[in-house]
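Taken in sequence, the protein lines are chains G and P. Each step along the first sequence adds one to the number in the working numbering, with nothing skipped, and position 31 is 31. In the working numbering, each residue carries its 1-based index in the second sequence increased by 1000.
For the record, the hints were derived by calculation from the structure and aren't laboratory data. Quick reminder that beta carbons are idealized off the backbone N, C-alpha and C, glycines included. Incorrect hints may appear among the rest.
Stated by the list, open to error - Result set (SDA-like, lysine to any residue): computed pairs, CA atoms no more than 20 Å apart in a straight line:
hint : chain 1 : residue 1 : chain 2 : residue 2
1    : P       : Lys-1301  : G       : Tyr-131
2    : G       : Lys-128   : P       : Thr-1054
3    : G       : Lys-93    : P       : Thr-1054
4    : G       : Lys-93    : P       : Tyr-1167
5    : P       : Lys-1168  : G       : Met-101
6    : G       : Lys-13    : G       : Ala-29
7    : G       : Lys-72    : P       : Tyr-1167
8    : G       : Lys-93    : P       : Pro-1305
Stated by the list, open to error - Some but not every residue of chain P turned toward chain G, in silico, with C-beta under 8 Å:
hint : residue
9    : Gly-1126
10   : Ile-1169
11   : Ser-1171
12   : Lys-1173
13   : Arg-1177
14   : Ile-1179
15   : Asp-1184
16   : Ala-1187
17   : Glu-1189
18   : Thr-1190
19   : Leu-1191
20   : His-1194
21   : Ala-1269
22   : Glu-1270
23   : Leu-1271
Chain by chain, the residues:
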Amino acid sequence: MEPILRIDDVVKKFGEVMALDHCSFDIQAGTITGLIGPNGAGKTTLFNLITGVLQPDQGHVYLGGEEITGKKPHEIAWRGVGRTYQIIRIFPKMTLLENLMVVGKGKERRMMERATDLLRLVRLEEKKNDYASDLSFGQQKLLSLAQVLMLDPQLILLDEPAAGINPTLQNELMALIHRLNEDGKTFIIVEHDMNVIMNHCQNAIALNYGQKIAEGSCSVIQRDERLLEHYFGR
Amino acid sequence: MKIRVGLSIAILMAFLISVPFFATDYWITLLTLILIFTVYASGWNLFSGLTGYTNFGLAWFIGVSGYVSSLLIADYHWLWLLAWPIGALFTGLVSIGVGYILLRIKGVYFAISMVALTEGTRELFGTEYLTPLTHGGKGVPFVAGIRLPTLYWSILLLAFITLILCYKIFSSKFGLRLIAIREDEQAAETLGIHTTKDKIIAFILSAFLVGLAGSIHFTYQNYIDPTFAFNIQLTLTPIVMALFGGVGTVFGPVIGATLFTFIHEILWAELTLLYMAIFGAILMGLILFFPQGLLGWMKEKGILPRSRKI
């Protein structure tokens, strides 16, 4: 089967620093993949390359078999890639409803219904006319996910979705991700909490110094000597 | 509520339309200036208030359009009614190129590059190289053959259209996208917003409206020269007016322009020697205590609803 995302020999340098060093992998549709690695391993850079925020110096990115290298972020978004940020980047001076309505095209009424449905999904419907800045940190993360869902993306990139939120909300968020995954959405999740990765992802890809050092199902990754060495400095 | 607001606006408009039938020239002139600056401030707010790209080159829009229309009237004997929109259209067209290049630069760099563009154009229009076209630094005196009431009604119509446009845009999805650009441009892009396109459209719209008011402004003055047309005052005054009334609100700039002009007139008439000092003190106080402007403050305090339609 054609992978939903193919990263092919991607290189990205920042000056002398190799942020991504000939990195290649495939993501199959309908999976949840954990992207792991120490700080500075190139995880966020990879997200930036997939979403078109940065351009690779070398290599190609394919989405559903079509090359998207060099495309603008808004074009890639409309091809079905949604992304949240490590630091929450919602629009604080807009209401929750406006935060969703600003995303997406189409008839006003249909969008309004969709936005309301999504706010209900993340249990923020009652606050829909509040300013986003009035939400708690965890709620802002949920809002940011709902915002991305307005694009109806096939591939969703989440940068540390569970970091800094309380366990209840964290469980709620992960349950939501599983539900969306059952509906056919593909996820790539950057996360430092190895428990989150092991409990919720089918596959994992490990990066270090911009190189892929391990890839496979979570159970295999967990026993990878080289990874453990890199990751935990054993 | 809606009917009451509509009725109030209708009464106000009827009053403003009838002003030339009973008021003295002093009052018509004062209102004309308020309306010109209302369009300047609203046009600035339409782009800068929403996108957060502070445009310090408003005088460039005003000067370019003012020059085109003034020269068409003075040298080519065009009718003012034709010359004005041609000046504004020309400004809008040139703004596509300017926006395409300069709207990639963010923050203070964009502001400075717009100042540089204005100053550069001012110098250029005064040089001997362009003298055959612009008459150089000595300027262009001209008579457009328009009576004061007609000019007043023209700018009244333009101000009315500008406010309706702002009202529509501020509460539209286009307006929301512009606010998203102000809040976080990169996040907006990855959420599928074509930020470059939206920024340029807002920039052109602002250039056209401000340019049209600029054409009317210089026809009213019957004179244009480079120092006058590309004067930094023409940039700063509308920005201060918008700050005064509330940046990013629909009706802030018109309220700002009105209050500003009246306070200015009163101070100037009563305290001719001290008025600039007092005026400066008032401005500093406003910026310190009401940074969100009059309407912004009223919305925050709950005196007005927190609606994008106000």
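20 Å limit on alpha-carbon distance, applied to hinted pair Lys-93(G) and Thr-1054(P) = Measuring from Cα to Cα gives roughly 18 Å; hence the hint holds.
Given Thr-1190(P) was flagged as interface, is its beta-carbon under 8 Å from a beta-carbon of chain G?
-> Status holds, d = 5 Å.
Hint validity - Gly-1126(P) Cβ closer than 8 Å to any chain G Cβ = With a minimum Cβ separation of about 41 Å from chain G (threshold 8 Å), the hint on Gly-1126(P) is violated.
With a cut-off of 8 Å, does the beta carbon of Glu-1270(P) approach a beta carbon of chain G closely enough for the hint to hold?
-> Hint on Glu-1270(P): violated, closest Cβ of chain G at ~40 Å, above 8 Å.
With a cut-off of 20 Å on the C-alpha distance, tell me whether Lys-128(G) and Thr-1054(P) pass.
-> violated (30 Å)
Once the shortest beta carbon distance from Ile-1169(P) to chain G is found, is it less than 8 Å?
-> violated (14 Å)
Using 8 Å as the Cβ threshold, decide whether Glu-1189(P) counts as touching chain G.
-> holds (4 Å)
Double-check Leu-1271(P) for me: the hint is only fine if its C-beta lies closer than 8 Å to a C-beta in chain G.
-> violated (39 Å)
20 Å Cα cutoff - pair Lys-93(G), Tyr-1167(P) = Given pair Lys-93(G), Tyr-1167(P) holds - Cα atoms ~18 Å apart, limit 20 Å.
Hold the hint about Asp-1184(P) up to the distance rule: shortest CB distance to chain G must be less than 8 Å.
-> Where the cut-off is 8 Å and the nearest Cβ of chain G is about 5 Å from Asp-1184(P), the hint holds.
Are the Cα positions of Lys-72(G) and Tyr-1167(P) separated by 20 Å at most?
-> Given pair Lys-72(G), Tyr-1167(P) is violated - Cα atoms ~31 Å apart, limit 20 Å.
Holds or violated: is the Cβ of Lys-1173(P) closer than 8 Å to a Cβ in chain G?
-> holds (7 Å)
This entry does not satisfy hints 2, 6, 7, 9, 10, 11, 21, 22, 23, going by the numbered hints stated previously.
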